[in-house]
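These protein sequence lines are chains P and S, in that order.
Every number in our numbering is 91 more than the matching position in the first sequence, counting from 1.
Every number in our numbering is 1 more than the matching position in the second sequence, counting from 1.
Worth flagging that the hints you see were computed from the coordinates, not collected in a lab.
Don't be surprised by glycine CBs; every beta carbon is placed ideally from N, CA and C.
Keep in mind that the hints are not guaranteed to be accurate.
Unchecked claim - Beta-carbon label-pair distances, calculated as ranges: (1) Pro401/P x Thr328/S: 29 to 39 Å; (2) Glu645/S x Glu219/P: 42 to 52 Å; (3) Thr287/P x Val602/S: 32 to 42 Å; (4) Glu645/S x Pro174/P: 56 to 66 Å; (5) Thr246/P x Thr857/S: 34 to 44 Å; (6) Ser596/S x Ser293/P: 14 to 24 Å; (7) Ala605/P x Ala578/S: 33 to 43 Å; (8) Glu278/S x Pro401/P: 45 to 55 Å; (9) Gly781/S x Thr246/P: 52 to 62 Å; (10) Leu965/S x Thr619/P: 27 to 37 Å; (11) Ser596/S x Asn527/P: 51 to 61 Å; (12) Asn880/S x Thr619/P: 16 to 26 Å.
Here is what each chain is made of, one letter per residue.
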Amino acid sequence: MKKISYILLLLVFASFMLIGCDGMLKVDSDRDVFVDDYGLKSTNDSLYSIFGVLSQVEKLADSYVLLGELRGDLMDVTSKAGPYLKEINNFNISADNPYVNKKDYYAIINNCNYIIKNADTTLLKNNEKVMYKVLAAAKGIRAWTYMQLALNFKTVIYYEEPLLTLKDAEKSFPVYDLEQLADVLIKDIEPYKDYTKPSFGSLYTADISDCFFPIRFILGDLYLWTGQYENAANEYRDLIFKERYLITASYQSSLTVVNKVFNGGSELYWGSCFLTSSSENITNIIASNEYSDVFMLDSLVKDYQLTASPFILNDWDSSRYMNSATLDTLCDLRKRQSVMSNMEVGSTYFMGGASTLLTKNYLSKFIYMNLPSSVTKKVMPYRVALLYLRYAEAVNRLGKTHLAMAVLKNGLNPTIYNGVIIPVSEISIPMPNYMNFTNSRFTYNIGIRARSLFHPELDDRFVIPATLDSVAKISYMEDLICNELALETAFEGNRFHDLMRFAIRRDSTDYLAAKVAAKHPNNPNIQTILSDRNNWYLK
Amino acid sequence: MNRSVNCFKRKVMLSLLFSITCGIIMAQIPVTGIVRVAGTGTPIAAAEIRVQNKKISTVTDEKGQFKLSVPSSKDVLLVKAYDFNSTEVPVRGRTELVIELNSDVFTPLFKDIFSLNGILPMSALTASEKAISSSGQRPVLTADDLIASTLSGDVRGISHSGAFNQGSSLFIRGLNSLNSNAQPLFIVDGVVWESMYGNQSIQSGFFDNTLESLDLNDIENISVIKDGTSIYGSKASNGVVLINTKHSTSTVTKINVNVLGGVVSQPGSVPMMKGEEFRIFTNDLFSSIGLPNNTVSEKGYLQSTYNPNGLPEDQLTLLGFMETDPTKVLYNTYHNETNWNNEVYRGGTNNSYMLNVMGGDDNAAYYFSLGYTANKGVVKTTDLSRINTRFNADLKLLSNFDMNMFIGFAQTERSMQDDGMDFYTSPTWLSKIKSPIVSPFTYTKAGNRTLDYADADVFDIGNPTAILANSLNSTQTLRFNFGVEPIYRINSELTLRTRFNYDLYKDNERRFVPMGGTALRYIEGKGYSENQVSSQAIRNQNIFDETRLTYVNSLDESNHLKTTYGFRYINNTLESAYVTEHNTKSDISKFVTGSFDFLQVYGVNNSTKSLSHFLQAEYDYQGRYFLTATASMDASSRFGNDTEGGIQLFGRSWALFPSINAGWIVSSEEFMNDVDAINFWKIRAGYGVTGNDDIKDYDAMAYFSSVRFMDKANGLIISNLENSKLQWETTAKANIGTDINLNNDQITLSFDVFSSLTSNMLTLKNAPEITGLGQYWNNGGSMTNKGYEFSVDAKALNLKHLKWEFGVNVGHYKNEVTELPNGSYPTSVYGGEVLTAVGQPAGSFYGYKSLGVLSTALQASTAYTNVETGAKGYLRLKNSDGTYSKFNAGDILFYDRDQNGIINDKDKNVIGDPNPKLYGGFKSIISVDRLSLNAQFNFSYGNQVYNYSRNLLESGKDLSNQTLAMLNRWTGDGQVTSQPRAAWGDPMGNSRFSDRWIEDGSYLRLKTLTLSYDVPIKSSYIEGIRIWASADNLLTFTNYLGLDPEFSAGNSVYMQGIDAGFVPQTQTYTIGIKLNL
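Pulled out of the complex, with its shape left as it was, chain P reads as follows (with noise of 0.2 Å):
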């Protein structure tokens, strides 16, 4: 009976050691963060998360560049280039390639989503809601890299929910095109337009804020994709308005004219767009130039692996530079900034230096992105030039020629609606909103162009032959636009994607194929291979 007594003891401690056994069993950690125990209920939570995925963003920064660029037309490797680099360049991918990896922006995708659906949008601080800017912000990284990852790899896998389980990965997600992603994308961003960024401060001398993707700019992009104007269009003059970005004569170069004449000399300033503080910032995707080892392309860059095409190069060497009605040569300033001959390893300096002897073109346009003596570097995906570029592209497709024109010519400013710069054929009325730039903020507006040409109004050149009806108008602008995109925004990282819309609005692979297959004159089967549009995705 004894016995009975303590095996009942015993099955009653057993089960009791069974039944507290979870408790246990659970394991905690300081370096690893559980899902119970982070629900972003602080804002201090939303700064971890909003910086977790701003160090997942750093990775694409290279790709970004390398595949927008070496796919182009500008860009091109040299000899001394990896053999990834030159898969790239040469439309030969191999699965191992490093500047590929899907994995990528989905760990984007995925960590934004978990802040979206955890962020508590109840959360006040200084009676604001505080975490909807998070939101906001954490909304448009999401939609600019599925927007990338589609323009990649044509089609995305589109899922909000935060994957967190083996089990939900596997589940089946809806796979989508760009016009399919656009729809969504644009319905799920369109409501948070107006929040402004979050502001998280500074590390080093990088504003934060300059990480984080403006909704609108977005909605442009994917209106403009897929074709419609009118959106897009508003989209950007909504942006330009209310962000007061300006293209000024504050980054204008000029050359040196001494008794009429030039004399050589120059002062070249447009290059300033590049640095950390320039106005210029709209998007930087940053990294810290200490420890960091995220970024690449200024190690390539010094390397001499990748160098400009000849197309480029000669592109800005054959745009007009006017100084006066009278006085003018054949020459853009913009690229003794973007490449420059004799850049030593590990140079500390680098401005200035001749141009004529060109041997070989480093992309020095990178160090002005990374200098020497900052302690940030960075990719500028999205800056004010190329927002009205892309102003410019979206109204020009709403026939609105002139108008475009005058975004690389005159600038967009109150003086524009005088009936010559914008014909009155152009100016409706009442005026469209996409149109307005009669803002005095705007009165200090000059072309893109006249950042570097000094005075392109000057050109009679430079004008849309009135000769052309409508369409041709149209077209010939578009030429120009692109035209202008390489020289402002070359290396930069949108070009292939810019090729890519052009050639698709005019359903014309040629137009792309032959631009890229220029770069490739011992290579003919790059045509053949870009005349297949599958090719002009990634695998």
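Following the hints, position chain S against chain P.
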């Protein structure tokens, strides 16, 4: 154990008294006999004879005779006598017995040993178990080394390296896991010993060996248990090693002093090129890239960064070391014959001092020890010192309540140098590859040698002498444990005990790679590193508790049952912090400050909790039939909540591990009456399931990890998906064995056949792309091990004064991967590859097959025959830029397995197996009265090894010095040789991982030879003095071309058989004295 034996002895005394009074009443069968000494026949007086499991016993008279009445003819007599090994004698219906006892100089065959659930007579074991008893006179320092050298056929033990105290890799019955820990579970004093195999030293070539904190002098016994280990369920799939430390064995105070000292011989070197030979070699190398071979520059400096792909184009003509004019300033700099081996190595020494005291009274017994060990390593500037102390106490607090205490502390400090083939920092490796023509010291412009250390030389190879002087690498390890074990005897049948233990392990490491003497290193994506400082701190805290309720019941005289229920709870917390940074600007700043270049910080803070319930029943019928049934039920924080194996209870997944083992002593059966030659014969059989819970912490859970953003801020990102199915690996083991003693224990045979199946192996799988995550651990795949173990032990000579025992101990296993969920995969290891593929043993070397050197241009141009057209041509190699290169004369002819004319990945095949066909050892113990000579041989047969050192030392591709084998390199058309040409950067991959580097790793080694002498002294102060001398690694027979055929580059299954160039084991000579006071 002694404590328990002591207790046991007391019981025997009691039962003796009891039997005298009442034994006679129960008697049924009278048995008479004589107990005498085996070999000589001298009668033994006062030998104790007891009937097993019964309270009947007697002692022999002066003539060795005894008379006893046993209740049953099936009874077994236990016979013991002082100075002799005990034996067991089945009565088997006989009434007159001649019992022979062997001197305790021989290995005991019937002693009581520790098993998983307490002490058992060896004959009652149902599992396959081997034991080592305490040993005083060994120069080895750690328990794993002792196991490796003594139980070499039961455990395949391989020393990591010749560096002191590095421990061994141990494999029991094959390889039972691929990606998890495959090393046995250590149970020290009943506590699961946290192995910390996952910890990595920041010094290359060093291993954390947590067993180093146990002094061998403190160890009472070690048991290796190979099957039937389900009581440790999810931790026991690689077998269990039980270690028990000493407790007081008597109430008399005993003091024991052990002192030893020894010397370690300086390691040799494979024969390397001399100065002129090296100079000619470099000429060949340069001409392979079309360089003028005697270009001399006054500057004399080749400013290249070490770059196997080619010299920088603008710096090729500055070859000052080619200077032949002795009047030129550079001549002296490049005309030395430095013996780099002597610069780095030296003879080492070992010293060890140990004192222990034990004693007490009936209510409190204690054991206390204090030890100090110091070692001067064979690599200059390296040393080690260890201080250790232990206090074990056994307290009887109440008549039914005992309390045992265990306190241990050990602290080890060592200075070290990087070991293995690290091109930048390892002095041992640099001593091999550094050209003899340069000196450790600089020269003045006038050509005079200074006493300043030279920096990296013109070949960009560091100066090991300078590194030895300037580096600062050290480790300090501390281990402390405190344990208590209250034992409450509820009544005569029920005992409740709990074993609690707190264990703290701390390790602080620092490392400094100087700029003076090291080559400038380029770190991908970061920049140049001139010097480097690192530090690592590890802190592991383990709380362990195991409670057992034991019920012992003798149902009747024939049926005995012992039932145990218990639960075990382990809570382990591992914290570590690692910091490294570069370019401290000067070799004076050797400390981490956080403000230098390329700062990198890493750390873990992991917690593991596991819980186990177990139940064991041991049943014994008449001392002839034994049955042990065990089942455990384990949960762990590492398991997912929804595993496919096991059961679900209370929201957790529980793993179930049953095992059953049975033993039958055939020799106790009556039908064995007439087979006197067999005095003991047992058959054992067992089947059991165990597991491996060595899953990374938190792998089954979703979690966020901290990342640095902009090197300043912290961010959190999703880092792991919840995989609720993640579970333990399962290993099912079957075993049949037999133990036979012949001719009154003169010959002992033991034979076991085993087969195991490991399933649910941990394998890496790619996470679905949309999660943005990399790989995750999953269960799948299986692997088998089949093999046998055999041992024979013979008392070859058993004379009065001369005794000789000889033993052979052999093991064999065949490992085969039988299922892989994601197909076969290669794993890169040390410049080579191992393949994991179905049908192959784990760890198989995977590379190219070579068919010699292409001797002539004609042979090269016809090396390939197109199968379809019959056309002949060159074999080719595809370059990274898409072009092809031809294999020319002087290149290796690789086997073109797919016959496509191109040598590429598809031509790889399995080229070697690191698993031995046989492993084991021989032992011989010869004793002449007080003198004893003990020899222990170890061998490995039929295993292949990858000689990575030779791969680099015969690669002929860079300015590293080469072995003399490279003198036979191909230099001209028609030359028939086995060494290919010297070619800068090895563009054709002649030195790629191929069967050229796979060698037969078989060896036979006289591991230890010990001569000991018990000084005949009788004094009231001194009870005994033993002096001894021992030599380790005295002889090695092998065809292996490297320095030492025994090495283990790591505990992982993938790392076996790879010679990573660690310090070889050398001969060690030790003398010692052991005093008993």
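Results of checking the hints against the structure:
1. Checked against the hint of 29 to 39 Å, the C-beta distance between Pro401/P and Thr328/S comes to roughly 55 Å, which is inconsistent with it.
2. The beta-carbon spacing between Glu645/S and Glu219/P, approximately 50 Å, falls within the hinted interval of 42 to 52 Å.
3. At about 34 Å, the beta-carbon gap between Thr287/P and Val602/S stays in the expected band of 32 to 42 Å.
4. At roughly 43 Å, the beta carbons of Glu645/S and Pro174/P sit outside the given window of 56 to 66 Å.
5. Restraint check, Thr246/P to Thr857/S: a C-beta distance of roughly 57 Å breaks the suggested window 34 to 44 Å.
6. For Ser596/S and Ser293/P, the hinted distance range of 14 to 24 Å is satisfied, since their beta carbons lie about 21 Å from each other.
7. At roughly 58 Å, the beta carbons of Ala605/P and Ala578/S sit outside the given window of 33 to 43 Å.
8. For Glu278/S and Pro401/P, the Cβ-Cβ distance of about 52 Å falls inside the hinted range of 45 to 55 Å, so the restraint holds.
9. In this structure the supplied range 52 to 62 Å is violated for Gly781/S paired with Thr246/P, their Cβ-Cβ distance being about 30 Å.
10. Checked against the hint of 27 to 37 Å, the pair Leu965/S and Thr619/P fails, with Cβ atoms roughly 57 Å apart.
11. Roughly 54 Å separates the CB atoms of Ser596/S and Asn527/P, a value that falls within the hinted 51 to 61 Å.
12. The given range of 16 to 26 Å is respected by Asn880/S and Thr619/P, whose C-beta atoms sit roughly 25 Å from each other.
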